[in-house]
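Student: The primary structure of each chain is shown beneath.
Number of protein chains: 4
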Amino acid sequence: MNELPLIQHLIDGQLVAGGTRSVDVFNPATGQAEKRVLLADKHTVEQAIASAHAAYPAWRATPPLKRARVMSKLKTLLEDNAERLCALLTAEHGKVLSDSMGELQRGIENVEYASYAPELLKGEHSKNVGPSMDSWSEFQPLGVTAGITPFNFPVMVPLWMWPMAIACGNTFVLKPSERDPSSALLVAELALQAGLPPGVLNVVNGDKEAVDALLTDKRVQAISFVGSTPIAEYIYATGCAHGKRVQALGGAKNHAVVMPDADIANAVNALMGAAYGSCGERCMAIPLVVAVGDATADAVLAGLKAEIAKMKVGPGTDSANDMGPLVTKAHLDKVKGFVDQGVQEGATLVVDGRNVQVAGHESGYFMGACLFDHVKPGMKIYQEEIFGPVLGVVRVKTLQEGMDLINAHEYGNGTCIFTRDGEAARYFSDHILVGMVGVNVPLPVPVAYHSFGGWKRSLFGDLSAYGPDAVRFYTKRKTITQRWPSAGVREGAVFSFPTNR
Amino acid sequence: MNELPLIQHLIDGQLVAGGTRSVDVFNPATGQAEKRVLLADKHTVEQAIASAHAAYPAWRATPPLKRARVMSKLKTLLEDNAERLCALLTAEHGKVLSDSMGELQRGIENVEYASYAPELLKGEHSKNVGPSMDSWSEFQPLGVTAGITPFNFPVMVPLWMWPMAIACGNTFVLKPSERDPSSALLVAELALQAGLPPGVLNVVNGDKEAVDALLTDKRVQAISFVGSTPIAEYIYATGCAHGKRVQALGGAKNHAVVMPDADIANAVNALMGAAYGSCGERCMAIPLVVAVGDATADAVLAGLKAEIAKMKVGPGTDSANDMGPLVTKAHLDKVKGFVDQGVQEGATLVVDGRNVQVAGHESGYFMGACLFDHVKPGMKIYQEEIFGPVLGVVRVKTLQEGMDLINAHEYGNGTCIFTRDGEAARYFSDHILVGMVGVNVPLPVPVAYHSFGGWKRSLFGDLSAYGPDAVRFYTKRKTITQRWPSAGVREGAVFSFPTNR
Amino acid sequence: MNELPLIQHLIDGQLVAGGTRSVDVFNPATGQAEKRVLLADKHTVEQAIASAHAAYPAWRATPPLKRARVMSKLKTLLEDNAERLCALLTAEHGKVLSDSMGELQRGIENVEYASYAPELLKGEHSKNVGPSMDSWSEFQPLGVTAGITPFNFPVMVPLWMWPMAIACGNTFVLKPSERDPSSALLVAELALQAGLPPGVLNVVNGDKEAVDALLTDKRVQAISFVGSTPIAEYIYATGCAHGKRVQALGGAKNHAVVMPDADIANAVNALMGAAYGSCGERCMAIPLVVAVGDATADAVLAGLKAEIAKMKVGPGTDSANDMGPLVTKAHLDKVKGFVDQGVQEGATLVVDGRNVQVAGHESGYFMGACLFDHVKPGMKIYQEEIFGPVLGVVRVKTLQEGMDLINAHEYGNGTCIFTRDGEAARYFSDHILVGMVGVNVPLPVPVAYHSFGGWKRSLFGDLSAYGPDAVRFYTKRKTITQRWPSAGVREGAVFSFPTNR
Amino acid sequence: MNELPLIQHLIDGQLVAGGTRSVDVFNPATGQAEKRVLLADKHTVEQAIASAHAAYPAWRATPPLKRARVMSKLKTLLEDNAERLCALLTAEHGKVLSDSMGELQRGIENVEYASYAPELLKGEHSKNVGPSMDSWSEFQPLGVTAGITPFNFPVMVPLWMWPMAIACGNTFVLKPSERDPSSALLVAELALQAGLPPGVLNVVNGDKEAVDALLTDKRVQAISFVGSTPIAEYIYATGCAHGKRVQALGGAKNHAVVMPDADIANAVNALMGAAYGSCGERCMAIPLVVAVGDATADAVLAGLKAEIAKMKVGPGTDSANDMGPLVTKAHLDKVKGFVDQGVQEGATLVVDGRNVQVAGHESGYFMGACLFDHVKPGMKIYQEEIFGPVLGVVRVKTLQEGMDLINAHEYGNGTCIFTRDGEAARYFSDHILVGMVGVNVPLPVPVAYHSFGGWKRSLFGDLSAYGPDAVRFYTKRKTITQRWPSAGVREGAVFSFPTNR
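Chains as they are written, first to last, in full-length UniProt numbering: chain A, 1 to 501; chain B, 1 to 501; chain C, 1 to 501; chain D, 1 to 501.
In isolation and in its complexed conformation, chain A is listed as follows (with noise of 0.2 Å):
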């Protein structure tokens, strides 16, 4: 185990060690511990926080113009890095190479988001909001800022919060998932190379030990969360208890209703992606379809069954694979429990994957797609978030009932509609009381330029995550009102013709 490499922190532009406690991080292909992870306590988070609030006036003052070219410049390292940056997200999370290049790409774009600062950044200026007076708007950085990242999209998550932060003249902590905690220490190494200053950018790996430090230091002005419902009540509550701004997002469970009238080959192609990609490891997949009327769960289904069969699983490495393994055992167990469960209940259970093996990674934490029918509120798997590659259909008749469903389920992160009708995508969009809404589009993930965000239980705060909520997220409002005096040296009183004094 000595001989495992250790990934250490990045503080002030420097790999370092910090704190006494480490944990295994596995390739879940293969099921072996490959690398150590230091866990930071305390002290090392304030180093981190230290190095941070050093390296932030001569930032600030830094013109945001300046400050969006760095991210120009990592954008242009990110596209030049991708592969090696991509087998690093694969080895330690899992997820199919293709599916982690996906994953990259949208983490850019948000980096190439944030290169946008200058226009982003401008105020609003009004004059004479009285005679000869004039006021205007200047949104200024807040300081020390911190964001603490899931395991599912370990690099795209990060990049969902740092580089905007940064681009706002913020520095920034960051506290990535202990899981796989690679590929965003590399993202930050070369953040570095594109010319961020040392401790603008500063990671910390850890567990909750980091996160308390995070959420109570006083020089932490804002935090930014991505994870399980839970942990993010718990996040906002304590950091808003600490006079902090805190924005928190939690968990999720996604319908995707399916009308009569929708092009099912399509949808069902759509499906397969939203609820078996990256093995439904996503706060925005679709772990549930509600089919309006049993003619169209049973085309839907037919549909399912047919792509399910010729789904291949297996390591991400080898491209021929459509999914990986699970992120973790503990996890695998969990994921097969709700499974085990959901026949217990008794939800249809068409598709079994429990126990799919992968010749020659049989110690990998692999299962293959699973798929219900006739599932119901009541149960388990409808009311929980399972994370994992299992799919239910929910039969209504109509779709005020999908609506009603969808509207009484604790989350509401995203959903989308199957129709042609545009009536019918207009008066769900409307009524849904869910953020993200895709009409014919499974993962509707707002593009970088505009935001994320649930609503309900998936999200704590005021404003969403990246694209433009999280200009203002990560900036304060200053307001200036201004007047100058008379009988100054236009007038002549004081100052002019000072040789005559």
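Do not rely on the hints blindly, as some may be mistaken.
Part of the chain D face toward chain B, derived, beta carbon under 7 Å [stated by the list, open to error]: (1) P63; (2) S126; (3) K127; (4) G130; (5) E209.
Everything labelled a hint here was simulated from the structure, so no lab data went into it. Every residue, glycine too, gets a C-beta built ideally from N, C-alpha and C.
Using the hints provided, position chains B, C and D relative to the given structure of chain A.
Tutor: This is chains B, C and D only, laid out in the frame that chain A set:
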């Protein structure tokens, strides 16, 4: 006691009783209890919330232009009822009538801004985020929202909140200060008259029991608060712990810097109003002057003394008076106690207004203007918010020394600088850790089309009050991503020529 | 003739005579001349321009909020005087009273939008475009601006122009149509009553002599025009050749596409109003239906015939009537001539309204609804703007065929599609070369907080009418870049401690 | 002569010949013709337009993000090829290499801003403009657009135009100056390399024949021009008469005001670069100093004389030089003629640079810095744009007198004021009739994320160059208003449960 008029709640469009407790409402100019106000119990607050909840769906569906027009109409009604409103305001708060009129005018400007809702609620539309795929954002209302407002601007602060909340499509529960509740209630009645459907705006009078009911009820989506910092922190922590979005505005200790090149006469005039207007009971009042150079300090003090000598203290209903009574006996005692302590701590009391008596109003809560020289950062009168007619002069040698003081203070609400020099003004505005900055403007309260917010412990939350930030605070973002399946009616595959089927 | 009331000009806040020529103003429902209107000569126009020029500096210096409030006040006055205004409008134009009321309402919405000026005039402020250097934009007024408006919306189209021009700080000279000049004049008088200072808004009645005076006077900075395309081209070329900014809106020939899946009853209802409302004398009227498929065409024609049979033609003052007279005898003859020609060219005249008589109003300029089937692109009734109650149905086989027709037409003002299909609507909206598109909305006139503008030969200029574009049209950008020299009062080199000098 | 390299056109992605006429391209530092450039005839221009027209549909349909990425890529290529580009620029224009580099950098910033297109092209979306009716705006490209650019910024001014035009979805035909055409051509080749499809950007070299072909061709939708005022007027009038949108930027005569309280050393340094940089061949150069007070004038003149004495004139390729040659022999003669005339008119020629010789470059078009005192408004050197290294000092008694001069001048491009006084700066900025204002900034060229535009006869059109205004100039607004018929698939009336039919 039974014979005093009883101030009730406004729920579902009706004035109703609710709660078993009540407290006196005093006229601070006479010291007499003239009314009593009912204190809502939890059940009463829940009734108000239920009314707001029931009114929400129809109000949300009302087009923004129609909602905005209620605000236009209300604006006219407020102008028409200005005299009556200000009489109520002065009778319960004590401020002089012209000041009440100024407060009302500022409130009307917020109603006016809310009437721009169709413009303010525009979302962002992106064509072709991908091939034939579009995405746009909508800013939808939250549902039931609530506001808790302080005694010092009983008309204006509620108007910072609910007109915009309601123009955005929310419904609202207002809990005004129980010390001077009548004017907010009258404004709410005018809003009904302007066309607001019953239940869209509810007013509950009360104290901590009512506040806690609002903070913990699941139906309340957002809380706006203005008051003191300890309560603001409590509101922020408690509201957030219950998953709500919260903006909580707290205390202030606003410094005015006077530079050696300032127009001193102009500065003195400005400071008189800023320090003693409304007895200093304003979160944007100026209780501290930072004079750069002893010559500046001496000149400012001389000017202030001369002006204070001309000031008239007396009941707010007499238009000859400059300053009315403080709001309560307890507050009067507290403010005098601060002055006593300042003397003890070694500040020089240049003008002592502690024993001012107003003939014929001996029981009124009057005191005169107090002016200290040689106030030092270690003193309590420097550190704490006095909220009374007490102005202190701090002497510094340089602007930087003055700015360091301001930046070290726990509050960061407002500040101003008096100078002719562009560079000094720009340096000050840029580097001061205060949210609202005036350049030769003593009370830099942003106009209604900008937003109001302090920094540091003067505001908890990420969005400021009123103006553009309020639009974002009172709405949640929904992002829709849409594409349409081909082979529909356009290509003729399915529906065209239906008569041939 | 001498006894007819004489309509004058409004210059510098006064009704004044000017010019030696005059023409009759007829009541089209009776065919009687009831008033005469003076036609301004060059000198009179120059007087109006001079008045606007003199009023400009003070108006420009009036804070935007104050300018905006005149618009709020005017809105209320327009609502209060609606009946009187609409009576004038109907008496001179002929349209039925409910239609006049609709026109006025649309005009009021433009006044309302102009009252948002403080928000709309915000410039962009950039901190630190370089080290300690800031830059911001201001949108300053142009000076004297002018508008030339058509007979068909005598109240609304002037209100598209001058309220925003004036709210932006300009002064204005309006030349309304000489055929129905009274209502615009009354609105201008109400604006004075609302608080507009004399000279800020001037109205000159006149013909080409007045137009040319406006187009060539150096003091006039910008011209807005709405009328026919040949005149729009003349205005655009002439105004631009004199160095002015010009927006010139011309003719239209709006097609409504009806798809096989449309709700036909709904479409027919919508088309009735769009084709025959205000006798088709609207640039957003629908004179052409493009029916996709013969079955669709047959169903639409059947529906239209049935509805036309129920229509009532008669004086606009009688609220039982659906359609009033055309505006002049000459125009009536021209429209009938188009119908004659359509018959000659081979279109099928399904309903013939040419000989409709209104009992008791035999000299009124009435005709009934005409409906053609089998209209073809080569026909004159297809190509030219008729501006009368004449609707033609064009039969096509596919949506693409219909869109090709529309895209080949010289005009591109408005268009609409009736369908349930999201894909058809999106494809149509995207690819149609028309500026204003309705989906199941027959007259897609943008609301006042969006902008109005056609494409192709329907609009000359880069900015559309009213809404956000009007703000940009009526202002010029000023960009200020500012930094301050050091060694000023802040550092103490020059001014501090002045008593020591 | 035949052996000189021949500069061709870039049409449809290929370098092609076209036209029978050609002219010499000189190296102004040597006076030698080193290349010849082909002058496109009408037919060649039409080929370029046809190529742009053919490339349009596919480019328009390319998502904005992809278009923007070509700009990001181009930015990198421009940085990588900076040396080669600047060598070309200096060889044909003459300016010193560091100045070429500065010009390129400014051009790159415009490319950078164009890469923000996804943000800049967002339209406005309004939910519920009426019940269940929505409306939104799209900013669609125009089609084929064109630019005509001057000799003095052969790299930068083209980059003001086509990157944004193309990022907005248009295709483009550029006609650069025939005096120094090579660098613009190279930039266009780099753009192809960055991924621009053939035909999206075409470059035609030429003279008036080419210009007229662009101005009159129906397929060209918009013209951007930068050059002298008489040509700008011709372009504006002719382009508008052909129905196009046109923005035409003309001449300038920028005044710098120096106040008595200015930091004189700072002002002198700033003026040296502003007056003599690039030989004054800039529309934002400062050829006139307005000194307030004789003491100020004397101090400024003394400073300028001392600095001029240190200036080095010589070939731009030698980095020791401050000023290179003028662009052509004819222009050199013209500038010297202006100086002669100034002497004749009675201005005092304080420094005479007319006879400066550069050893080894006796045929180069060199002259030295000239400095006049006592320039008066009536003189030709005051009124006309010299575009050479000639600076004149005008003496006034007050700021107001200086401002009256500036406001009376026919041009209003740029201006600046040197002062420490906030009030003087604000009064000047507000009341000066000039589009770009500097406060202690001598050449207030707005940064790329603001827009460039003069007032009065310095710009014809309503929208400024580059920045936000360019987005609006290169797009046309389309407004879509949408509602959906009920009784569709949602309510089940027509399509639901299709298997039951």
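Student: So which hints don't hold here, by number, going up?
Tutor: 5
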